[in-house]
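*Asks:* Spelled out from the first residue to the last, the chains are:
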Amino acid sequence: MTEPLVEIKNLRTHFFTDEGVVKAVEDVSLTIPRGKTLGLVGESGCGKSVTALSIIRLISPPGKIVSGSIAFYDDGRKIELTTLPEAEMRKMRGSRIAMIFQEPMTSLNPVFTVGSQIAEAVRLHHRVSSREAWDRAVEMLHKVRIPDAQRRASEYPHHFSGGMRQRVMIAMALSCNPKLLIADEPSTALDVTIQAQVLDLLRDLQTEFGMSILIITHDLGVIAEMADDVCVMYASKVVEYAPVVELFTNPLHPYTRGLFASRPEPGKPKDQKLRTIPGVVPSPLRFPSGCKFHPRCAYAQERCKKEEPVLRRPNLSQIPPSHVVHCHFAEQIEEQEEAAVKSV
Amino acid sequence: MLQYLVRRMLWGLLTLLLITFVIYGLIRFMPGDPALLKLYQESSDKKITAEQIEQQRKMYGLDQPFYIAYVKWLGDVLTGNLQTSFAYKAPVSSVIGERIGRTLMLTINSLILEYLLAIPLGLYFTARSSRLDERSGSMLLFMLYSLPSFCGALFLQLWFAVYLEWLPLHGMQSDNYEQLSTLGKTWDLFKHALLPVAAFTYGGLAYYSRFLKATMNETVRQDYIRTARAKGIGPLKVLCWHAFRNSLIPLVTQIGLTLPALLSGAIILERIFSWPGIGTLFFQSILERDYPIIMGLVLMFSILTLLGQLLADVLYAFVDPRVSYK
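Same order as they appear, the protein sequences are chains A and B.
Take 1 as the starting number for the first sequence in the numbering used here and just add one per residue.
Take 345 as the starting number for the second sequence in the numbering used here and just add one per residue.
Check the hints yourself; a few may be wrong.
[Unchecked claim] Okay, derived cross-link-like pairs now, SDA-like style, lysine to any residue, Cα gap no bigger than 20 Å in a straight line:
(1) B:Lys433 - B:Met449
(2) A:Lys64 - B:Thr428
(3) A:Lys91 - B:Arg472
(4) A:Lys91 - B:Gly578
(5) A:Lys91 - B:Gln408
(6) B:Lys581 - A:Gly20
(7) B:Lys581 - A:Glu86
(8) A:Lys91 - B:Ile569
(9) A:Lys64 - B:Ser474
(10) B:Lys581 - A:Leu58
(11) B:Lys581 - A:Ile59
(12) A:Lys9 - A:Gln102
(13) A:Lys64 - B:Arg472
(14) B:Lys581 - A:Arg123
(15) A:Lys64 - B:Arg570
(16) B:Lys581 - A:Arg90
(17) A:Lys91 - B:Lys382
(18) A:Lys64 - B:Lys382
(19) A:Lys91 - B:Asp420
(20) B:Lys382 - B:Thr428
(21) A:Lys64 - B:Lys581
(22) B:Lys581 - A:Ser116
(23) A:Lys64 - B:Ala471
(24) A:Lys23 - A:Glu86
(25) B:Lys581 - A:Ser67
(26) B:Lys581 - A:Thr113
FYI, nobody ran anything at the bench for these hints, they're computed from the structure.
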C-alpha cells in the first residue's frame, strides 16, 4: 500500500464551553490517500467540520485538540500537525493544506480586489515580486474558468456571483499548489446547476494539480460524484467507513441505511413520502449512553444502551476488509434485511 | 460622484436656509432686549427715555418684524458681510476670526490625540480580548467614557493646578506673557493648553477605542477572517490589515460627524478653563443678546455639520468599495 497523505488517529477535539465540555470530535481515525478524495458525510453538528478544522488547526477557543495524532506525509517527511508550533503550522496553511468554505458570499474580504487576495496568498508562501504574484492570480482565475480573468482580477468580491466567488476561493486555495484541499460544503450554498459546475471544476483541477481532497458534505449525491472513500460520521464519531461503491451497495450501519432510505429516488411514486430517521441528533452536551445512535435505531437492543461499539470489520463474507462499521449487530441486521428483500 | 456632490450641496443650502431662519426667529423671541441691555450698560443715571430706546432699536434693526430682519441679514451674508456685533462694535467675522484659532488649537490637537491613541488601544484590546489587562483596561475606559467632561476638567484642575501646582488653573496666557521670548511664549501657551486638551481628549479617546474594539470584535468573527487565517497569514497581519481595514468603514463615518464638535463642543470646557475661544464667545453672546454674533456662529456650526455629513459620505465611498454614488 502506498503512503497516505494524511493519517488521523484517535483524534479528539473538545470545546470547553460554560455549559460544559462539548466533545465535538471523539476518537476519529481516518486516512486521506494521496491524489484521492475522501468524503466526510453526516448531519449538521456531527463533527465533520471540526475534524477538518482540526487538520488545518483553525479551531477557535474554547475549542482544543485534546488528544490523538494527525500525521501529514510531505515528500517522505512525516509531520505531526497536532504538536507543530504555530509558526510552522502557518507555513503549512495555504501552501500544503488549503481550505474552501461553505459560504462563498462572505468568505472573501469585501474591501480587497479578488486578484490581490489571491496574490497575497502567493506572496506569503513564495519569494516572488508583486507583479509575478498578480500574474499568478490572473492565471489561477483563468484556471477556474472565470471569463476575462485579466480584467476581473481587479474587481471586488461584490461584483461576483456566489458560484463565481466560490471559483475565486478555489483559485486562491490552489494558488500555492497545496497537497491537500479541504472543501467544507463547497457547493451547499449554491444552486444546483452551479453546484455541478463547481464540483466538475474541482474534479478537473484535482486531475491537473494532483492534490488530495477532503470533501465535507451532507449530500450523498456530492459524495457519489466526488469521493473515492467515504467516512460517515454521527454524533462526533465515525460510524461507517468504506470505499464509495462499497458503501453505496452495502450500507451496514443503521444510520447509513437510514440516510440512503431517506433519499428521493427517480422512479418512486411522487406522492410517496420520503422515509425519515426518527428522532433528532442528540445534543453534544448530553450524548446518550452506549451507542449514541441507539435512541433513533430501529434495531437497538439492550446491549446498545450500555456498551459503546467499536469500529470493526464485520464478519460478513461479501464485505471487503476496507469496510468498517461501528455497530454491535451489523451482521444480524444485514441478515435480517437480506431475508426481508428475499421474501418480497 | 460629481453629480451626487452637487445635489447634496443644493440640499445642504436649502437646509441651511431653514436652520438659519428658524434660529433667527427663535433668538428674536427670546426674552430680553439687546437695545435696553445696551442702554442700561451705558447710561450712568439709569434714566432711559422711550425715545432713546426707540433710537437704539432702530440702530439694531429691531424695529422691523423678524422675517424682514432675517431677509436683510441674509442679504448681508450673501455679500460676505456678517453684520456688526452689538457688544464688540466690530464686524462679526473679525470677532470670530480672532477666537477661532484658539479653539481649534484645543480641539484639533485633542482630535489628533484621540485617534492616535484610540486606534492602537482598540487594536490591542481586540488582540487581548477577555484577558486580565483587556478586562481592566476596558473597565477604566468605560468609567472615563461615563465621566462628563466638566467633571473630568474639575478633577484635572484640582489635581494638577491646585494640589500639585504643576500647571496653571485657567486662562490662555500668563500675566507676563508679553515679556516672554518666542520660545517662552510657546511654552507658556503649551502649559495653559495641556489641561483643557486633556479634558477634551479623554472622553473621545474612551469612546473611539471602545467603538473600535466593538467593531473589531464583530469583524474578527467574519468568514473572510477565517479565510485569511486559512491562507497562512499571521495573527498580527490578520488583525491590523484584514480586520482593521473593514472596521475602518464605520470609524471613518464618525470622523465626519466630529467636524462640528471641533468648534461647538468647546462651550462648557472653555468656560471652565476661561479659554477665550469660540465657546466662551458663544456663551457670552447669548447672555448679551448679541444677535449678529449668535447668527454668525450658528451659520458656521450649521455649515460645518452639513459639510461633516457630506465628508462622512464621501469618505465612506472611499473606504468601502461596495459604496458608490451615482
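*Asks:* Of all the hints given earlier, name the ones this structure violates by number, lowest first.
*Replies:* The structure conflicts with hints 1, 2, 3, 5, 6, 12, 17, 18, 19, 21, 24, 25, although it agrees with all the remaining ones.
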